[in-house]
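Trainee: Protein chains in written order, with the working numbering: chain A, 372 to 484; chain B, 132 to 247.
To be clear, the hints were calculated from the coordinates, so they are not data collected in a lab. Hints may be right or wrong, so weigh each one.
DMTMM-like, lysine to aspartate or glutamate: derived pairs with alpha carbons at most 20 Å apart [unchecked claim]:
(1) B:Lys180 to B:Glu197
(2) B:Lys239 to A:Asp409
(3) B:Lys180 to B:Glu146
(4) A:Lys428 to A:Asp409
(5) A:Lys382 to A:Asp425
(6) B:Lys192 to A:Asp409
(7) B:Lys239 to B:Glu151
(8) B:Lys239 to A:Glu430
(9) B:Lys239 to B:Asp185
(10) A:Lys441 to A:Glu398
(11) A:Lys441 to A:Asp427
(12) B:Lys239 to B:Glu219
(13) B:Lys180 to A:Glu472
(14) B:Lys199 to B:Glu146
(15) B:Lys239 to A:Asp444
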Amino acid sequence: DAGITQSPRHKVTETGTPVTLRCHQTENHRYMYWYRQDPGHGLRLIHYSYGVKDTDKGEVSDGYSVSRSKTEDFLLTLESATSSQTSVYFCAIRQSRGGTEAFFGQGTRLTVV
Amino acid sequence: AQSVTQPDIHITVSEGASLELRCNYSYGATPYLFWYVQSPGQGLQLLLKYFSGDTLVQGIKGFEAEFKRSQSSFNLRKPSVHWSDAAEYFCAVGADSGGGADGLTFGKGTHLIIQP
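Chain A with its partners taken away, still in its complex shape:
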């Protein structure tokens, strides 16, 4: 299995509070991604990173920010959580683009009450 660890695995938080999810990899892959998975929507890209301090927005980036200060860590922050951000969040890594597959973490189930 690819060395990807997401933390926490489960979290319940209140509306309006900040939340940070962490993705840690031991593969030294350049590219890292945050997806959210919701019923009927599949996986949608939130943000991605193509190197240390290099990040960009994905399809559903509103309300989220990311940071990558080290190759191995990619943080996803919800500045002020809302109920619409209740979801399962997956981190993924890729060695390169194009034909290379993405490896996924086990996911973080976030509930905003």
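Model the placement of chain B on the given structure of chain A, informed by the hints.
Mentor: Quick look at chain B alone, frame taken from chain A:
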């Protein structure tokens, strides 16, 4: 921008029967195509991928997929399903053009139910 359509939200198949899950993509150039499987409460696992060469691709767990450029399709098949194949299946397309590091674009998934 690329997109993926999985027309079937749910499919029910009897154990031992054959399976075909449909996937259609939209992309301007030769696509990179993937099938992933997700068991309940788990992350996604790669079943197979296509990026060039033989259009019939073999994967893990006895799955195969065929790339048909004329139909913009990449359907997943298995000759005989097992109860353990019950899961969510995702088709995805990857690009390799332009700047940035665009991730894979996923379909909405097909939920496979196996009847005894």
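Trainee: Give a verdict on every hint.
Mentor: Evaluation of the provided hints:
1. B:Lys180 to B:Glu197: Within the cut-off at roughly 10 Å; holds.
2. B:Lys239 to A:Asp409: Holds, at about 9 Å.
3. B:Lys180 to B:Glu146: 25 Å, violated
4. A:Lys428 to A:Asp409: 19 Å, holds
5. A:Lys382 to A:Asp425: Violated, at about 27 Å.
6. B:Lys192 to A:Asp409: Cα-Cα ~26 Å, so violated.
7. B:Lys239 to B:Glu151: Between Lys239 of chain B and Glu151 of chain B the Cα gap is close to 16 Å, so the pair holds against 20 Å.
8. B:Lys239 to A:Glu430: 14 Å, holds
9. B:Lys239 to B:Asp185: Between Lys239 of chain B and Asp185 of chain B the Cα gap is close to 26 Å, so the pair fails against 20 Å, i.e. violated.
10. A:Lys441 to A:Glu398: 13 Å, holds
11. A:Lys441 to A:Asp427: 16 Å, holds
12. B:Lys239 to B:Glu219: Holds. Lys239 of chain B to Glu219 of chain B sits at ~10 Å (cutoff 20 Å).
13. B:Lys180 to A:Glu472: 8 Å, holds
14. B:Lys199 to B:Glu146: 27 Å, violated
15. B:Lys239 to A:Asp444: Violated: Lys239 of chain B and Asp444 of chain A sit about 28 Å apart, past 20 Å.
Comparing the model with each earlier hint shows violations of hints 3, 5, 6, 9, 14, 15; every other hint is respected.
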